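Enquirer: As they're listed, the protein sequences go chains A and B. The first sequence runs 1 to 114 under this note's numbering. The second sequence runs 1 to 116 under this note's numbering.
In case anyone wonders, no lab produced these hints; they're calculated from the structure. None of the values given here were measured: they were computed from a predicted structure. Certain hints may be false.
As a list, the in silico BS3-like pairs of lysine-lysine whose alpha-carbon atoms are at most 25 Å apart [as the list claims (entries may be wrong)]:
hint: 1; chain 1: B; residue 1: Lys56; chain 2: B; residue 2: Lys71
hint: 2; chain 1: A; residue 1: Lys41; chain 2: B; residue 2: Lys54
hint: 3; chain 1: B; residue 1: Lys56; chain 2: A; residue 2: Lys22
hint: 4; chain 1: A; residue 1: Lys40; chain 2: B; residue 2: Lys56
hint: 5; chain 1: A; residue 1: Lys40; chain 2: B; residue 2: Lys5
hint: 6; chain 1: B; residue 1: Lys68; chain 2: A; residue 2: Lys44
hint: 7; chain 1: A; residue 1: Lys71; chain 2: A; residue 2: Lys22
hint: 8; chain 1: A; residue 1: Lys22; chain 2: A; residue 2: Lys41
hint: 9; chain 1: A; residue 1: Lys44; chain 2: A; residue 2: Lys19
hint: 10; chain 1: B; residue 1: Lys68; chain 2: B; residue 2: Lys5
hint: 11; chain 1: A; residue 1: Lys40; chain 2: A; residue 2: Lys52
hint: 12; chain 1: A; residue 1: Lys41; chain 2: A; residue 2: Lys52
hint: 13; chain 1: A; residue 1: Lys71; chain 2: A; residue 2: Lys40
hint: 14; chain 1: B; residue 1: Lys5; chain 2: A; residue 2: Lys22
hint: 15; chain 1: A; residue 1: Lys9; chain 2: A; residue 2: Lys71
hint: 16; chain 1: B; residue 1: Lys56; chain 2: A; residue 2: Lys67
hint: 17; chain 1: B; residue 1: Lys5; chain 2: A; residue 2: Lys44
hint: 18; chain 1: A; residue 1: Lys22; chain 2: A; residue 2: Lys9
hint: 19; chain 1: A; residue 1: Lys9; chain 2: A; residue 2: Lys44
hint: 20; chain 1: A; residue 1: Lys41; chain 2: B; residue 2: Lys108
hint: 21; chain 1: B; residue 1: Lys68; chain 2: B; residue 2: Lys108
hint: 22; chain 1: B; residue 1: Lys108; chain 2: A; residue 2: Lys40
hint: 23; chain 1: B; residue 1: Lys71; chain 2: B; residue 2: Lys54
hint: 24; chain 1: B; residue 1: Lys71; chain 2: A; residue 2: Lys9
hint: 25; chain 1: B; residue 1: Lys108; chain 2: B; residue 2: Lys71
hint: 26; chain 1: A; residue 1: Lys41; chain 2: A; residue 2: Lys71
hint: 27; chain 1: A; residue 1: Lys19; chain 2: A; residue 2: Lys52
hint: 28; chain 1: B; residue 1: Lys5; chain 2: B; residue 2: Lys56
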Amino acid sequence: DTAVSQTPKYLVTQMGNDKSIKCEQNLGHDTMYWYKQDSKKFLKIMFSYNNKELIINETVPNRFSPKSPDKAHLNLHINSLELGDSAVYFCASRSSGGRTDTQYFGPGTRLTVL
Amino acid sequence: DQQVKQNSPSLSVQEGRISILNCDYTNSMFDYFLWYKKYPAEGPTFLISISSIKDKNEDGRFTVFLNKSAKHLSLHIVPSQPGDSAVYFCAASLMYSGGGADGLTFGKGTHLIIQP
């Protein structure tokens, strides 16, 4: 009954490969996010996705692309992986509207690019 | 440019005493603030929040204080328990300013260690 789940939990791959990380939430939320936690432990927003509206953080390279097949899923595709992409990626979701901005996070996917 | 700062990377507190975690922010447009708790190999877990129209919010052992003029908030945990040992992240949002969809801006975290 996990609220926000991510697969895989660990991903080790070579430079130049293309990989995907999946995220699913069963909370009925309509806004989902991807965050990146780098080696310096900063958690930074990458994307938010709400009712098919994508808001992109300008600093995110276009090798990263979120794909949402339905409201409950927001997958992250990464093309031509680079060493600097190594990080922990967290998916989160939030119910839009209401009077709070509480986001619920998945367990994270640790990506290691060799 | 860090808009949310947690200047103490770690804090050690004796079990039963009060833990005080501090957070400063620079963007005066932030109007909603949250604290998250994170254990190793897990995602951040929401702990408590406060909107800019309040200066205090309490939930059990956890209290968050907001000083808007100083752009400062703090999380008080009393009494501290061994299970409170974790990394605590302060986060801020532009929810009421219309920027909530842009996500949360996080501090770097403070590692709280509760000693028996």
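Enquirer: Now, for every hint given, state plainly whether the structure supports it.
Expert: Structure-based check of each hint:
Restraint check for Lys56 of chain B and Lys71 of chain B: the C-alpha separation of about 14 Å stays at or below 25 Å, so the hint holds. At roughly 29 Å between alpha-carbon atoms, Lys41 of chain A and Lys54 of chain B are farther apart than 25 Å, so this suggested pair is violated. Distance hint between Lys56 of chain B and Lys22 of chain A is unfulfilled; the C-alpha atoms sit about 38 Å from each other, more than 25 Å. At most 25 Å may separate the alpha-carbon atoms for a hinted pair to count; Lys40 of chain A and Lys56 of chain B exceed this at roughly 31 Å.
Restraint check for Lys40 of chain A and Lys5 of chain B: the C-alpha separation of about 13 Å stays at or below 25 Å, so the hint holds. Straight-line distance between C-alpha atoms of Lys68 of chain B and Lys44 of chain A comes to about 23 Å, which keeps the hinted pair within the 25 Å bound. Restraint check: the Cα-Cα separation between Lys71 of chain A and Lys22 of chain A comes to about 13 Å, which is no more than 25 Å; the hinted pair holds. With a C-alpha separation of about 22 Å, the suggested pairing of Lys22 of chain A with Lys41 of chain A holds against the 25 Å cut-off.
For the given pair, Lys44 of chain A sits about 20 Å from Lys19 of chain A by alpha-carbon distance, which is consistent with the 25 Å threshold. Between Lys68 of chain B and Lys5 of chain B the CA atoms are separated by roughly 15 Å; this keeps the pair inside 25 Å, and the hint holds. For the suggested pair Lys40 of chain A and Lys52 of chain A, the alpha carbons sit about 32 Å apart, so the restraint of at most 25 Å is broken. Our distance criterion of 25 Å between C-alpha atoms is broken by Lys41 of chain A and Lys52 of chain A, whose separation comes to about 30 Å.
Distance restraint check for Lys71 of chain A and Lys40 of chain A: the Cα-Cα separation of roughly 32 Å exceeds the 25 Å cut-off, and the hinted pair is therefore not satisfied. Annotation: proposed proximity of Lys5 of chain B to Lys22 of chain A is violated, straight-line Cα distance about 31 Å (limit 25 Å). A threshold of 25 Å between alpha carbons decides the hint, and for Lys9 of chain A with Lys71 of chain A the separation of about 22 Å falls inside it, so the pair holds. Taking the CA atoms of Lys56 of chain B and Lys67 of chain A, the gap is about 39 Å. The hint is violated against a cut of 25 Å.
For the proposed pair Lys5 of chain B and Lys44 of chain A, the alpha carbon gap of about 13 Å is at most 25 Å, so the pair holds. Restraint check for Lys22 of chain A and Lys9 of chain A: the C-alpha separation of about 10 Å stays at or below 25 Å, so the hint holds. For the given pair, Lys9 of chain A sits about 19 Å from Lys44 of chain A by alpha-carbon distance, which is consistent with the 25 Å threshold. Note on Lys41 of chain A and Lys108 of chain B: the hinted pairing holds, with a Cα-Cα distance of about 6 Å set against a maximum of 25 Å.
The straight-line distance between the Cα atoms of Lys68 of chain B and Lys108 of chain B is roughly 20 Å, inside the 25 Å bound, and the hint therefore holds. Pair hint Lys108 of chain B plus Lys40 of chain A holds up; C-alpha atoms about 8 Å apart against a cutoff of 25 Å. The straight-line distance between the Cα atoms of Lys71 of chain B and Lys54 of chain B is roughly 13 Å, inside the 25 Å bound, and the hint therefore holds. In summary, the hint linking Lys71 of chain B to Lys9 of chain A is not supported, as the alpha carbons are separated by about 37 Å, beyond the 25 Å threshold.
Distance check on the hinted pair: Lys108 of chain B and Lys71 of chain B sit about 17 Å apart at the alpha-carbon level, within 25 Å; holds. For the suggested pair Lys41 of chain A and Lys71 of chain A, the alpha carbons sit about 29 Å apart, so the restraint of at most 25 Å is broken. Simply put, Lys19 of chain A and Lys52 of chain A have alpha-carbon atoms about 22 Å apart, close enough for the 25 Å limit, and the pair holds. Our distance criterion of 25 Å between C-alpha atoms is met by Lys5 of chain B and Lys56 of chain B, whose separation comes to about 20 Å.
Hints 2, 3, 4, 11, 12, 13, 14, 16, 24 and 26 from the earlier list are contradicted by this structure; the remaining hints agree with it.
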